[in-house]
Amino acid sequence: MNEAVLSVEGLGVRIAGRQVLDGIDFAIAPGQFTGLIGSNGAGKTTLFRAILGLQPATDGRILVDGRPRTRRTDSIGYVPQKFLLDPDLPLRGRDLVGLGLDARKLGFAVNRRRKRELVEEMLAAVGAEAFADTRVGRLSGGEQQRILIAHALISGPRLLLADEPLANLDLRSAQEVVALLARVCRERGVAVLISAHEINALLPVMDRIVYLAHGRAAGGTSEEVIRPDVLSRLYGHHVDVIDVHGRVLIVAGAGDDEDLHGCEETVEHALPGEVAP
Amino acid sequence: MSLGFFVFAPGFWDNEAVHVALAVGTAVAIVAGVVGVFTVMRGQSFAGESLGDIGTTGGSAAALVGAGPLAGFVAVDVLAAAAMELVGVQRVRGRDLATGIVLGAAIGLAAFFLYLDSTQGSGNGSTVTILFGSIFAISSATIPAVVGLAALAVTMIVVLYRPLLLATVSPEMAAARGIPVRLVGALYLLALALATALAAITIGTILSTALLIGPAAAALRLTRRPLRAMLGATAIGIGAVWLGILLAYDSYHWPPHEHGWPVSFFVVALVFLGYLASGLVEWRRERGA
Ligand SMILES: Nc1ncnc2c1ncn2[C@@H]1O[C@H](COP(=O)(O)OP(=O)(O)O)[C@@H](O)[C@H]1O
Ligand SMILES: [Mg+2]
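From first to last, the protein sequence lines stand for chains A and B. The first sequence begins at 1 in my numbering and counts up by one. The second sequence begins at 1001 in my numbering and counts up by one.
None of these hints come from the bench; they were simulated from the model. Just so it is clear, CB atoms sit at the ideal spot from N, CA and C, and this is done for glycine as well. Take these hints with a grain of salt, some might be off.
Pulled from the structure, derived: some chain B residues nowhere near chain A, Cβ distances all over 10 Å [to be verified]:
1) 1045
2) 1049
3) 1078
4) 1109
5) 1136
6) 1161
7) 1172
8) 1223
9) 1247
10) 1250
11) 1251
12) 1269
13) 1276
14) 1283
15) 1287
Residues from chain A shown here face chain B by an in silico Cβ test under 7 Å; the list is partial [unchecked claim]:
16) 54
17) 78
18) 90
19) 99
20) 105
21) 107
22) 108
23) 112
24) 135
25) 139
From the derived model, a few chain A residues whose C-beta atoms are all more than 12 Å from chain B [what the hints assert, rightly or not]:
26) 66
27) 92
28) 130
29) 137
30) 148
31) 168
32) 204
33) 207
34) 216
35) 219
36) 223
37) 243
38) 244
Produce the entire structure from the sequences given, and follow the hints as far as they go.
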């Protein structure tokens, strides 16, 4: 049995007196593709920040490769939640990828051949050669995601965290990014933990799922987790799981007190643009 | 009459004040170019502007006790940068408010010091010197301090280059790689304070940001690479300072006679022209592409 690349044990995070994460337990085996599913505000970004050591845990612990994580680790790659890169930033995609290798080093980068080759190889791996010389801020959302993924992967991590990389992408770009991450996972043996508020685009590629709601998590295979009883327990009220022509629709908030939060979630999961055809 | 005589008014090359001005101007243009590129990329022009203005307080206080303005600029700008960093702990809204209040208080104090300067013997020349610079009045004894501080600021940027670059692109990504983003930002602010103080002795506290931001902004329009932007900004800055010094020297022979035009005017005007020209180049390039 392989040792887990990441194990989260009883993790609790309290921010400004609010329990944002509570008793989170899950582990990721090497090369596994895990989806972190939850609606806005469920705590996905907070969980990533805790794994990265940027958000102190109030309870429990996080092990990376079986050891408590150190701040300067190269075993975790990180693609942060969609942020807008300044279009005027004087930085080509290939420069940003190169920074993934040596951003911690002091002084100017010496243009070593080894580094150039590695950057070239990463650009090819994510299919970014064609736009590697354009200013990163002027690339499309999908192209920026590819560059960011290459930046995260170049230091050879065993685990890749991607925070909502599909948000703001059109259907085709989203499918391409999912396919790319799945390929990275299989071919490079990098475990992937990807967060999303919509489950369908990820269903075909996920080995496991961690479902977050109200700061608590349910983990397992999608068959084990995407069930009315499991999700109802997680949400604390009745949840329906509806199969619509092979697409999952999670209706949280059905029942006599149909709260706004639940309705919002229903809409999110049902958005036509975000459901794979 | 030769062309050389026409371009370089008599005595330009033999004048000690010109030598000092060229040396100081070059050092300052290099610092401004190297630091300024990050100031523009990080969107900290307002911090630079504030530091420049606050420097007035230090310069006027230094004049009051008979010290050179450089010491006053450096001391107050470094203190102000530290204060801004401390205030930065608070929320963004509070930071904006605090900068405004500190800036107001510092300028009020500067007004008082400048008033004292003008009434106490040393003459009201110091007011103009502090606000608008007077590069021909710099004593050659100041050169080592200028070069030393310039070297310090440039070294800081060179050493911090890669962590600073990633922290500028995305603090989140930098932090995830174990870069101490806060510390890097604070050290950068210190380099910015030094650059602002140095710019202030050449073109004055009010105009100091022009030298810091203008060449950098122009260079950033022309290249996709930060290192080239630094070299470009340095080249534009040196060009503007040298040409400004030359024109100011020659202007002694322009009307009104025996009253040279201020160097700051020429430098800022040239930087502005450079910025416009870079816009034109970028526009033509993008149309052609
Ligand atoms: N720095 C913070 N201060 C206060 N509340 C926070 C902070 N970070 C996150 N939260 C709260 O924690 C909850 C989870 O946020 P987040 O992890 O960003 O959710 P998600 O990424 O799933 O949308 C939200 O309710 C949010 O308001
Ligand atoms: Mg989030």
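Now the hints, each set against the structure:
1. 1045: 13 Å, holds
2. 1049: 19 Å, holds
3. 1078: The claim stands: residue 1078 of chain B keeps its Cβ more than 10 Å from every Cβ of chain A (closest is about 22 Å).
4. 1109: Residue 1109 of chain B clear of chain A: closest Cβ-Cβ about 36 Å, beyond 10 Å.
5. 1136: Its Cβ never comes within 10 Å of chain A, the nearest being 35 Å, so this holds.
6. 1161: It is violated; residue 1161 of chain B is separated from chain A by about 5 Å at its closest Cβ, not greater than 10 Å.
7. 1172: 4 Å, violated
8. 1223: Not fine: 6 Å to the nearest Cβ puts residue 1223 of chain B too close to chain A.
9. 1247: At about 30 Å from chain A, residue 1247 of chain B clears the 10 Å cut-off, so the statement holds.
10. 1250: At about 36 Å from chain A, residue 1250 of chain B clears the 10 Å cut-off, so the statement holds.
11. 1251: 36 Å, holds
12. 1269: The claim holds: residue 1269 of chain B sits with its nearest Cβ about 24 Å from chain A, beyond 10 Å.
13. 1276: 17 Å, holds
14. 1283: 14 Å, holds
15. 1287: About 16 Å separates residue 1287 of chain B from the closest Cβ of chain A, which puts it past 10 Å; holds.
16. 54: 5 Å, holds
17. 78: Check passed: Cβ of residue 78 of chain A comes within 4 Å of chain B, closer than 7 Å.
18. 90: Because about 5 Å separates residue 90 of chain A from the closest Cβ in chain B, which is inside the 7 Å limit, the hint holds.
19. 99: 5 Å, holds
20. 105: Status holds, d = 6 Å.
21. 107: 6 Å, holds
22. 108: 5 Å, holds
23. 112: With a minimum Cβ separation of about 14 Å from chain B (threshold 7 Å), the hint on residue 112 of chain A is violated.
24. 135: Because about 5 Å separates residue 135 of chain A from the closest Cβ in chain B, which is inside the 7 Å limit, the hint holds.
25. 139: 12 Å, violated
26. 66: Per Cβ check, residue 66 of chain A is outside 12 Å of chain B; nearest 19 Å; holds.
27. 92: 5 Å, violated
28. 130: 16 Å, holds
29. 137: Violated: least Cβ distance 9 Å, not greater than 12 Å.
30. 148: It is violated; residue 148 of chain A is separated from chain B by about 8 Å at its closest Cβ, not greater than 12 Å.
31. 168: Holds, because the least Cβ-Cβ distance between residue 168 of chain A and chain B comes to about 16 Å, which exceeds 12 Å.
32. 204: Answer for residue 204 of chain A: holds, closest chain B Cβ roughly 28 Å.
33. 207: 24 Å, holds
34. 216: Non-interface label stands for residue 216 of chain A: nearest chain B Cβ at 25 Å, farther than 12 Å.
35. 219: The claim holds: residue 219 of chain A sits with its nearest Cβ about 23 Å from chain B, beyond 12 Å.
36. 223: 33 Å, holds
37. 243: 37 Å, holds
38. 244: Answer for residue 244 of chain A: holds, closest chain B Cβ roughly 36 Å.
When each numbered hint is compared with the structure, violations occur for hints 6, 7, 8, 23, 25, 27, 29, 30.
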